[in-house]
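Engineer: This is what each chain is made of:
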Amino acid sequence: MTAELKDKKFINIIDTTMRNGEQAAGVVFSKHEKLRITKLLDEIGVPEIEIGTPSIGEIEKDIIREIVATKPKAKLFTYCEAFPENIAHAVDCGIKNIIINISTSDLHIKVKYGKNRTWALNQLRETISEAKHSDLDFIISAEDATRTDLEFLLKVLYLAQKRGAYRFRICDTVSRLDPFRTFMLISTILNTVDFPVEVYNHNDFGMASANALASLRAGAVSLVTSINGIGEGTGNAAFEEIVMALKYIEEVDLGIDTSKFREISEYVAKASARAIPVWKAIVGTNVFAHESGIHADGVLKNPRNYEVFEPGEVGLTRQLVVGKHSGSHTILHKFKEFGIDLTSNEANELLAMSRAMSVDLKRPLFDKELMYVYKDFLEKKKSAKHVAAPDD
Amino acid sequence: MKGLNLLTDFSKKTGTKLEPKNIKIDDTTLRDGEQTAGVVFANDEKIHIAKMLDKVGVHQIEAGIPTMGGDEKDAIKAITALNLNCSILGWNRAVVSDIDDSIECGVDAVAISISSSDIHIEHKLRKSREWVLDSVRTSVDYAKKYNLYVSVNAEDASRSDMEFLLQFARTAKEVGADRMRYCDTLGILDPFETFMRVRTIVEIIGIDIEMHTHNDFGMAIANAIAGIKAGATYVNTTINGLGERAGNASFEEFVMALKYLENVDLGMDTHLFKELSEYVAAASGRFIPAWKPVVGSNLFVYESEIRASTVFKNPATFELFGPQDVGLERKLIIGKSSGVNTLTLKLKDLGYIINEKDAFELSEIIRDKSLALKRALFDSEIVDTYKSYKGDTKSKGGK
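Heads up: the sequence lines are chains A and B, in that order. Start counting the first sequence at 5; every next residue gets the next number (this note's numbering). Start counting the second sequence at -5; every next residue gets the next number (this note's numbering).
None of these hints come from the bench; they were simulated from the model. From a predicted model like this one, the values you see are computed outputs, not experimental measurements. Hints are supplied without guarantee of correctness; some may be wrong.
Calculated Cβ distances over 10 Å to all of chain A for the following chain B residues [what the hints assert, rightly or not]:
no.	residue
1	Pro185
2	Asp259
3	Glu313
Partner residues are not named here, just some residues of chain A that face chain B (Cβ under 8 Å, in silico) [what the hints assert, rightly or not]:
no.	residue
4	Pro88
5	Ala92
6	Asn120
7	Arg121
8	Phe184
9	Pro281
10	His299
11	Tyr310
12	Gly316
13	Pro368
14	Asp371
15	Lys372
16	Glu373
17	Leu374
All C-beta atoms, glycine included, are put in the ideal place defined by N, C-alpha and C.
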């Protein structure tokens, strides 16, 4: 087993924005929004999409039916707990692929179901047989897999394999993994059973993306992601981070249209009423904003000094911000954009004035304010001879 | 990374036991945090943040850039004058006059920063590797004369040629630097690459390493942890992960990940995390997302039927640490993903006992409402809905 991902034939992404994403406390997507999100995901080339949980009720089912009727290229999935009666709900929606979830840790089996391991296996068998009876393809999802006795987890995996599952999902429900532990766990499983495995991560300690990538290195073939990482609690592995990390760190291009990332992120942010932090990796507006003298100067000389990819690639633009940490190069460049060529002495003086104003305002300056600073500067220059500020 | 056998190389080495006494936090909220485009702290805010960081237990505070002068210098002087328990570090370019400014501020430690990658040396500094090493020698030598603790920062270390990075580290060590900061300036490392590079430096040069990671691909924490596992002893964090572009490794996430995933308790007062995060959020004008790991307001808020009804039976089912550990609260809200059990639990909380049949019908009504409103319901709305439902069923029963 080596570290190289480049040679991998196919890495699958299954998006759960509309299922686990919507399960985030307080988040509700309307039918219209779900239809739009499906369309956007489909357009940029996401291969598989989880669209909801039919057993929630009639309204949810209606939405699922409408999404199914749009016939996207992507494979659509609905989600259910391993209870045989849930299969009828899925069939009722006209869906062909489902995820059957069962908790596999002893703690969950005991507290969540009030049962034992034998019950869990039996429950899975009965639900699977119902799904097969209805001609559904199914992923078996092991919830809290990362706190499950490995022997029992393998037993569940064998059962899934024997009964014709499409894939097996390992859920790091409480974020128990770090990348190294992820690698060991997935490697161990795949060394024992040869079966397509996907990994579902949570971000409780900020490691969802890193764990997801580590699982691919260990041989997993599929990842569960959501736009903006939206999901229960701290959320899941963020789709846009995974796609870009694969492309620029692992040199694996999934062929997804990244130029729409900002647009999709914004749409999901609006629909979920969860603003995109300006510092959000990949799609935050601040990711290509440079203020500090050293960084801005470096970017002006060559963007590769401080940027791995061009902002346009994810639908963003580069900004130079003039504030407390700016240097004279930024001032020169900014005014050149305004059509004003400054001498380096003038730039230094304007820099000192801009910095002082920024500290006073506790924020960087708008372009308009920069022009005000320039006007003040010209007046000052007219009224009195001045001494140039020191160059730092 | 090419062709590396992960199973044999990593499984053995990452098993090394981590010791709390060997891991130190150098918080840079006041330096890299403030360097974030759009963020400016007032001096009073800086002083308050420094006090809170000291109280929470960080080992070192990177207080700012003395050579910027003016307000910045005043703030750093005020912070060193507080005589906190932790070390106070000033950031410098590898320039003697920068270090003079640091000395004037009364710091006990300096970070001397210079790029080590060819791309930076050529395109940013427009100098040579030899010039870089000379600058390291001169500036470290100068700082050491004043008995300062010296960290040499290898900026853009991740894109640096490994041979040169080793030479850089060796030079720093030879002239007496106390540690080298490994800066993943662009956030392009993954944990495995991090492990390998840091391990190589630690094994060959044997200098203390500090991890400075960026979150451009969402891996700042994982890379910091990987660095520690490879033998690094310092981590450069910021509150809320504030920092240029996508930010740095977040202090609170790193501390909790070490504590709950790696069983290393740094002894930080985690109960203050929420307060500290809120203060920095307000001072930086950058809100805490509700879903932010460790301190987000939504972390212990449950809505979906199975998860919520299970977690209230036994929190360990979905939580590795409790809300009280970080100054938060556990809450149940009722919305589209809720069902019979969660509704029953909620109403009981609000002082109403409901039978199973009623709960089933009422949960359908509430689901519709939540979908129509596109949000979870307020407690008062739940009570209203319950009352009008009871009124309805009563009047039906009366007929």
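Engineer: All the hints need checking, so say for each whether the structure fits it.
Structural biologist: Okay, the hints, checked on the actual structure:
The Cβ of Pro185/B does not lie farther than 10 Å from every Cβ of chain A; its closest approach is about 4 Å, which violates its non-interface assignment. Separation of Asp259/B from chain A is adequate, the least Cβ-Cβ distance of about 15 Å exceeding the 10 Å criterion. At roughly 7 Å, the least C-beta separation between Glu313/B and chain A is not larger than 10 Å, which violates its mark as non-interface. Against a cut-off of 8 Å between C-beta atoms, the interface hint on Pro88/A is violated, since the closest Cβ of chain B lies about 17 Å away.
Violation of the interface hint for Ala92/A is found here, the shortest Cβ-Cβ separation to chain B being roughly 18 Å, above the 8 Å cut-off. Residue-level restraint check for Asn120/A is violated (minimum Cβ-Cβ distance to chain B is 16 Å; threshold 8 Å). Interface hint at Arg121/A: violated, since its Cβ lies 16 Å from the closest Cβ of chain B, which is beyond the 8 Å cut-off. Restraint check, Phe184/A versus chain B: the minimum CB separation of about 4 Å is within 8 Å; hint holds.
About 5 Å separates the beta-carbon of Pro281/A from the nearest beta-carbon of chain B, less than 8 Å, and the hint is met. Using the Cβ-Cβ criterion of 8 Å, the hint placing His299/A at the interface with chain B is satisfied: the shortest such distance is roughly 6 Å. Annotation: interface hint on Tyr310/A holds; nearest CB of chain B at approximately 7 Å, less than 8 Å. At its closest, the beta carbon of Gly316/A sits 16 Å from a beta carbon of chain B; the interface hint therefore is violated under the 8 Å criterion.
Contact between Pro368/A and chain B, as hinted, is supported at the beta carbon level, the nearest pair being about 5 Å apart and thus within 8 Å. Annotation: interface hint on Asp371/A violated; nearest CB of chain B at approximately 14 Å, more than 8 Å. Hint status for Lys372/A relative to chain B: violated, with the closest Cβ pair at about 16 Å, above 8 Å. Evaluation of the Glu373/A hint against chain B yields a violated restraint, the C-beta minimum of about 14 Å exceeding 8 Å.
Residue-level restraint check for Leu374/A is violated (minimum Cβ-Cβ distance to chain B is 15 Å; threshold 8 Å).
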